[in-house]
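Trainee: Top to bottom, those sequences are chains W and D. Everything in the first sequence is counted per full-length UniProt numbering, starting at 1 for the first residue and increasing by one. Everything in the second sequence is counted per full-length UniProt numbering, starting at 1 for the first residue and increasing by one.
No lab work stands behind these hints: they were computed from the structure. Fair warning: there could be bad hints in the mix.
[Stated by the list, open to error] Computed beta-carbon distance windows for the label pairs:
id, chain 1, residue 1, chain 2, residue 2, range
1, W, M1, D, F738, 40 to 48 Å
2, W, P100, D, Y660, 43 to 51 Å
3, D, R737, W, Y76, 51 to 59 Å
4, W, D146, D, S548, 39 to 47 Å
[Unchecked claim] Taking lysine-lysine pairs in the DSS-like style, the calculated list, with each CA pair at most 25 Å apart, reads:
id, chain 1, residue 1, chain 2, residue 2
5, D, K106, W, K10
6, D, K254, W, K137
7, D, K648, D, K106
[Unchecked claim] If you only want the chain W side, here are some residues facing chain D, beta carbon under 10 Å, derived:
id, residue
8, K11
9, A21
10, M50
11, T97
12, P135
13, C138
14, D145
For glycine and all other residues, C-beta sits at the position ideal for the given N, C-alpha and C.
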Amino acid sequence: MRYAMAIDTKKCVGCSDCVVACQTENDVPIGHCRDWVVEVMDGTYPELEMELRSERCNHCENSPCVRCCPTGASHYSDGGIVLVTKNECIGCSACITSCPYDARYVHPDGYVDKCTFCLHRVKKGMQPACVAVCPTKCMYFGDLDDPRSEVSEVLKKRKYKTLIPEAGTKPQLYFLI
Amino acid sequence: MKSRRQFLKISSLSAAGLVFGGGLLETFADNLLKSNQSYFKGPYDFTRTPTYCEVCFWKCAGWVHKDENGRIKKIIGNDDDPNCNGRFCPRGTGGVGMYFDEDRLKTPLIRTDERGKQSFREATWDEAFDYIAAKMNKIKEEHGPECTALFTHGSGGKYFGNLLKGFGSNNIAAPSYAQCRGPREVAFIATFGQGINSPENTDIRDTKCLVLIGSHLGENMHNGQVQEMSDAIDKGTTIITVDPRFSTVASKSKYWLPIKPSTDMALLLSWMNVIISEGLYDKEYIEKYAFGFEELKAHVQSFTPEWAYGITTIKPQQIRDTAREMAHAAPAVIVHPGRHVTWYGDDTQRLRAVAILNALLGSWGRRGGFYNPAKASVPHFHLPDFPTPNKDWRAAMGGKYKLADLALASGVCEATIPSPEMSCSIKGWIVNGTNLINTLPDQKKTIAAIQALDLLVVVDTMPMEITGYADVVLPECTYLERYDSLRISQGRVPSIALRMPAVDPLYNTKPAFWMARELAKKLDLLQYFPFETIEEEIDWELKQVGSSLEEMQRIGVKLMDREVDDLYFGEDEDVEFYTNTGKIELYSTALEGEGFDPMPVFTQHPEPSEGFYRLIYGRAPMHTFSRTANNPNLTDLMDENTVWVNPKVAKEWGLKNDQYVYLENQDGVISDFKIKVRVTERIRWDSVYMVHGFGHADKRLTRAFGKGVSDTQMITNVMLDPIMGGTGMRGNFVTFRFDNKKTEV
Ligand code: SF4
Ligand code: SF4
Ligand code: SF4
Chain W
1 MRYAMAIDTK KCVGCSDCVV ACQTENDVPI GHCRDWVVEV MDGTYPELEM
51 ELRSERCNHC ENSPCVRCCP TGASHYSDGG IVLVTKNECI GCSACITSCP
101 YDARYVHPDG YVDKCTFCLH RVKKGMQPAC VAVCPTKCMY FGDLDDPRSE
151 VSEVLKKRKY KTLIPEAGTK PQLYFLI
Chain D
1 MKSRRQFLKI SSLSAAGLVF GGGLLETFAD NLLKSNQSYF KGPYDFTRTP
51 TYCEVCFWKC AGWVHKDENG RIKKIIGNDD DPNCNGRFCP RGTGGVGMYF
101 DEDRLKTPLI RTDERGKQSF REATWDEAFD YIAAKMNKIK EEHGPECTAL
151 FTHGSGGKYF GNLLKGFGSN NIAAPSYAQC RGPREVAFIA TFGQGINSPE
201 NTDIRDTKCL VLIGSHLGEN MHNGQVQEMS DAIDKGTTII TVDPRFSTVA
251 SKSKYWLPIK PSTDMALLLS WMNVIISEGL YDKEYIEKYA FGFEELKAHV
301 QSFTPEWAYG ITTIKPQQIR DTAREMAHAA PAVIVHPGRH VTWYGDDTQR
351 LRAVAILNAL LGSWGRRGGF YNPAKASVPH FHLPDFPTPN KDWRAAMGGK
401 YKLADLALAS GVCEATIPSP EMSCSIKGWI VNGTNLINTL PDQKKTIAAI
451 QALDLLVVVD TMPMEITGYA DVVLPECTYL ERYDSLRISQ GRVPSIALRM
501 PAVDPLYNTK PAFWMARELA KKLDLLQYFP FETIEEEIDW ELKQVGSSLE
551 EMQRIGVKLM DREVDDLYFG EDEDVEFYTN TGKIELYSTA LEGEGFDPMP
601 VFTQHPEPSE GFYRLIYGRA PMHTFSRTAN NPNLTDLMDE NTVWVNPKVA
651 KEWGLKNDQY VYLENQDGVI SDFKIKVRVT ERIRWDSVYM VHGFGHADKR
701 LTRAFGKGVS DTQMITNVML DPIMGGTGMR GNFVTFRFDN KKTEV
């Protein structure tokens with residue numbers, strides 16, 4: 001089992017609904033976020049191009065955050081999902097420094113927090129909160145080892161990229177282009 | 001000939017004949033109450049309760065979820081709701097913030113000093129109602145009951161409306177008409193005999209070509225439309241976007257036409273020219289359904305793409321290419337009517353051009369164009385007749401704007417300022433859920449009108465600017481804490497939705513139904529409120545259509561069958577349109593009859609003088625109106641607006657990204673607050689852009705106060721639409737200032 005997410009940059013309108021849905025689902029404190037939206041611009045008026053994409057932890061297959069965590073709080077869970085065990089985390093922030101994607105933040109309660117791919121929902125057969133809410137239905141989630149999962153299907157059909165592949169982290173967040 | 005329109009009229013009268021979709025009960029069995037006790041007593045036993053969203057007018061139906069402590073946790077869409085298909089927009093998802101906002105109005109307030117000064121004392125509900133009733137009765141005695149008005153945006157409007165009508169006035173206005181979509185309704189009624197209404201009857205799901213003119217779908221999160229646009233993108237639809245700004249949807253378009261602002265009419269006319277001169281129009285459709293084609297053909301003959309190029313700066317080849325692209329997709333093409341179309345005062349005419357273009361392409365009544373919507377029909381309890389007012393809202397318009405079919409908020413506001421020309425000056429306002437200070441253009445005028453009032457009652461959940469001017473402030477509970485009247489929607493499938501309280505109201509806040517009824521008691525108007533509770537009223541209504549409150553509490557949304565599947569015109573169908581000629585009027589006899597151009601003409605609009613830039617304003621997906629700027633969850637996403645400046649302009653002024661500036665408009669109005677500069681290629685050099693709804697001036701809005709600039713404050717030049725009184729608000733120009741002498745508070 002290998003959980004992954006694909007996000008269609010051709011459909012994302014950058015509305016940040018995914019961010020609010022995550023916030024209410026996971027009690028992310030106001031002022032912090034586990035996912036966020038990026039706008040990339042290119043060109044000069046009127047020859048312009050723009051990409052919008054919703055980003056979050058890449059649940060890297062080769063993740064520096066897990067490797068550098070001194071307590072083992074950061075670990076791989078079901079289907080490769082990278083998690084932080086709250087009460088094992090000492091808030092040293094080593095993982096924050098090692099993550100090339102800036103995907104983690106320090107929770108006001110002193111531990112490090114980040115996207116969990118909503119494992120608690122996934123276990124119940126539901127989609128992550130961001131995927132379920134997205135009004136443009138531009139996010140696909142599923143098991144890459146299952147060739148018939150939504151995410152496998154869409155990656156077969158479409159061109160895609162990952163972020164900072166040169167970091168060698170093997171991210172499991174794919175952007176359809 | 002069988003008249004389709006007449007048939008529709010008949011079918012909507014026979015409400016009892018409506019049939020419900022079966023099987024819903026079983027599907028939702030798992031959402032039943034924990035135990036099967038009385039639904040009326042304790043709705044809070046639900047772990048999720050149905051609602052429909054009150055953050056914008058789209059009214060998506062959803063579920064409010066609570067945690068194990070019975071505290072509101074999240075709101076998600078109802079899968080069965082055709083308005084949202086189980087997915088809320090960011091504002092709807094962030095609706096929880098409205099409930100948790102500690103800045104909410106908490107108890108009734110009565111003003112203790114002059115209007116506009118923030119001096120209030122807390123009052124009991126009874127005191128507040130006594131105060132209002134006494135003042136209303138005094139106005140009635142001295143000036144007549146028609147000298148009262150209601151401004152409303154939101155669900156409570158129905159009950160305050162009944163109160164006002166019972167009192168003897170029908171001055172009931174919503175800014176959503178004259179400040180937003182009115183010109184579009186009048187234009188489409190003049191052309192097709194039918195308006196667009198809400199949610200729009202655009203068949204985006206099945207369209208092959210979507211043309212957006214100044215309509216930034218996706219930034220204006222009109223949920224259902226955004227969802228359908230996304231589906232259409234999947235299917236490879238062509239999007240053509242006309243916008244001086246590189247909007248989100250421009251970046252998803254095959255063609256982006258970066259038009260010079262205020263010249264859209266020229267583009268529309270030249271598109272017609274190409275479509276007619278190249279014979280690309282739907283000949284059969286036009287022959288069968290349209291009136292005035294020959295006149296139109298002659299009219300647009302000179303509006304060539306070369307002519308339009310000089311005006312719009314759009315290359316002739318692009319005009320031809322896009323016209324052909326539309327014709328190629330026809331009739332599955334939508335030249336989108338837009339929303340908030342009050343731009344330059346000739347808006348009804350511009351929307352007429354949009355309607356005519358759609359007619360030429362044969363998209364009205366066709367798959368992928370505009371479908372025929374069906375509205376759910378739920379009978380309301382028969383109230384005793386309302387007294388006939390001596391003067392109605394039309395009188396307040398001084399005989400102007402005969403084609404407007406609803407009262408104009410700006411007109412009612414104007415009619416409040418005493419003037420020899422006005423037949424009736426209004427003395428009392430009830431304002432329900434609309435922050436008129438930031439909603440109506442020309443703040444100075446709004447304030448002048450307010451100062452002339454004998455009574456201003458404001459019903460709101462938040463201390464919006466308008467509450468600062470009120471004599472009495474009535475704190476409403478949020479939509480998460482109350483019942484409201486049923487949502488009765490139009491769509492491909494008609495639907496109804498229930499809103500019920502998920503929790504008890506916080507503080508000393510109350511729902512509008514209760515307030516209106518208590519006031520009715522004091523005013524001796526209880527006959528217009530036959531039900532003691534709103535639950536009873538809703539239950540009565542639901543039973544008329546074979547449902548019940550109990551059922552709706554479990555399912556939230558109910559779909560109703562269309563009597564006939566007439567989404568589109570049938571092959572060879574004879575259709576009679578509700579126009580004077582019974583045809584689609586390319587040449588408008590109604591407009592001609594009132595002395596206006598029967599076919600749209602191009603007029604040149606003023607341009608900014610040296611050093612000034614056209615103020616373009618719009619939406620961000622995470623905020624709506626000026627209503628959400630203080631919502632903790634949404635403020636977290638965007639807490640101020642920025643002024644978008646082209647790099648060339650920034651260089652000229654030495655402006656840097658993130659620097660704060662003040663704005664000054666052509667009339668010398670300097671913004672109260674400062675705004676952050678965003679240097680971006682996404683805006684033309686002759687314009688600046690900002691998101692509407694910021695720059696709040698009421699200190700009680702602790703998160704929103706002083707953040708960004710209020711575009712409304714900068715809009716002092718209003719170009720009135722002579723046809724229906726719409727307030728054109730795109731004719732204002734601003735320049736940059738580095739300080740404000742009035743120094744900020
Ligand atoms: S909710 Fe969907 S459309 Fe909106 S920003 Fe997130 S991914 Fe993009
Ligand atoms: S994105 Fe960062 S936090 Fe997430 S798995 Fe990769 S390295 Fe770790
Ligand atoms: S579109 Fe968004 S704000 Fe409007 S009703 Fe729907 S969820 Fe609420």
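Trainee: Taking the hints in turn, state whether each one holds.
Mentor: These are the hints, each one checked on the structure:
As the Cβ distance of W:M1 to D:F738 is approximately 59 Å, the hint placing it in 40 to 48 Å is violated. Restraint check, W:P100 to D:Y660: a C-beta distance of roughly 33 Å breaks the suggested window 43 to 51 Å. About 56 Å separates the C-beta atoms of D:R737 and W:Y76, a value consistent with the hinted range of 51 to 59 Å. In this structure, W:D146 and D:S548 meet the distance hint of 39 to 47 Å, their C-beta atoms being roughly 44 Å apart.
Restraint check: the Cα-Cα separation between D:K106 and W:K10 comes to about 45 Å, which exceeds 25 Å; the hinted pair is violated. Using a Cα cut-off of 25 Å, the hinted pair D:K254 and W:K137 holds, with the two alpha carbons roughly 21 Å apart. A threshold of 25 Å between alpha carbons decides the hint, and for D:K648 with D:K106 the separation of about 49 Å lies outside it, so the pair is violated. A distance limit of 10 Å between C-beta atoms decides the matter here; for W:K11 the minimum to chain D is near 5 Å, and the interface restraint holds.
Restraint check, W:A21 versus chain D: the minimum CB separation of about 5 Å is within 10 Å; hint holds. Taking 10 Å as the C-beta contact cut-off toward chain D, the hint placing W:M50 at the interface holds, the least distance being around 4 Å. Look at W:T97: its Cβ only gets to about 25 Å from chain D, farther than 10 Å, so that hint breaks. A least Cβ separation of about 5 Å between W:P135 and chain D falls short of the 10 Å threshold, and the interface hint therefore holds.
Residue-level restraint check for W:C138 holds (minimum Cβ-Cβ distance to chain D is 7 Å; threshold 10 Å). Because the closest C-beta pair between W:D145 and chain D is about 25 Å apart, greater than 10 Å, the hint is violated.
Comparing the model with each numbered hint stated earlier shows that hints 1, 2, 5, 7, 11, 14 do not hold.
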